Amino acid sequence: MNQAILFNDDLHFNAKHDAWSFTGQLSGQRITVYFHSIQLKQLVSIDNCTKYDLEEVTELWLEKNEPEGDEIHIEMK
Numbered sequence: 005m006n007q008a009i010l011f012n013d014d015l016h017f018n019a020k021h022d023a024w025s026f027t028g029q030l031s032g033q034r035i036t037v038y039f040h041s042i043q044l045k046q047l048v049s050i051d052n053c054t055k056y057d058l059e060e061v062t063e064l065w066l067e068k069n070e071p072e073g074d075e076i077h078i079e080m081k
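Just so we're aligned: 32 in my numbering is position 28 of the sequence shown, and the numbers increase by one with no gaps anywhere.
Keep in mind that the hints were calculated from the coordinates and are not lab data. In this text the structure is predicted, and so the values were computed from the model without any measurement. Take the hints with a grain of salt, since some may be wrong.
As the list claims (entries may be wrong) - Distance condition first, Cα-Cα at most 30 Å in a straight line; then the derived DSS-like pairs of lysine-lysine:
1. Lys55 with Lys20
2. Lys45 with Lys20
3. Lys81 with Lys68
4. Lys45 with Lys81
5. Lys55 with Lys45
6. Lys20 with Lys68
7. Lys68 with Lys45
8. Lys81 with Lys20
Could you put together the complete structure from these sequences and hints?
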C-alpha cells in the first residue's frame with residue numbers, strides 16, 4: 005500500500021517516551037512517530053542524513069502496517 009505522509013520539520017527528543025520523534029500528516033490526520041533505539045538515545049542532535057533515514061524507516065513501516073490512533077512507535081535495533 006502506498007501511503008502519502010508529509011513530515012514536519014520538528015524532530016526532537018521526547019523525554020516522556022524516551023525516544024526521538026517528529027510529527028507528520030497522514031491522510032489528513034496529524035500523527036507522531038517515535039523511534040525507540042539505544043543508539044539514537046545517545047545522540048544530542050540528529051543530522052539531516054539521519055533524519056532522512058528516519059523518514060524512510062517510517063515510510064517502510066507504513067507499507068507493512070496501519071497506524072492505530074495518532075501515534076506510531078517504531079522499535080529500532
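Hints versus structure:
1. Lys55 with Lys20: Holds, at about 20 Å.
2. Lys45 with Lys20: 13 Å, holds
3. Lys81 with Lys68: Given that 30 Å is the threshold and the Cα spacing comes to 18 Å, the pair holds.
4. Lys45 with Lys81: 12 Å, holds
5. Lys55 with Lys45: Between lysine 55 and lysine 45 the Cα gap is close to 14 Å, so the pair holds against 30 Å.
6. Lys20 with Lys68: Roughly 27 Å between the alpha carbons, so the hint for lysine 20 and lysine 68 holds.
7. Lys68 with Lys45: 25 Å, holds
8. Lys81 with Lys20: Cα-Cα ~20 Å, so holds.
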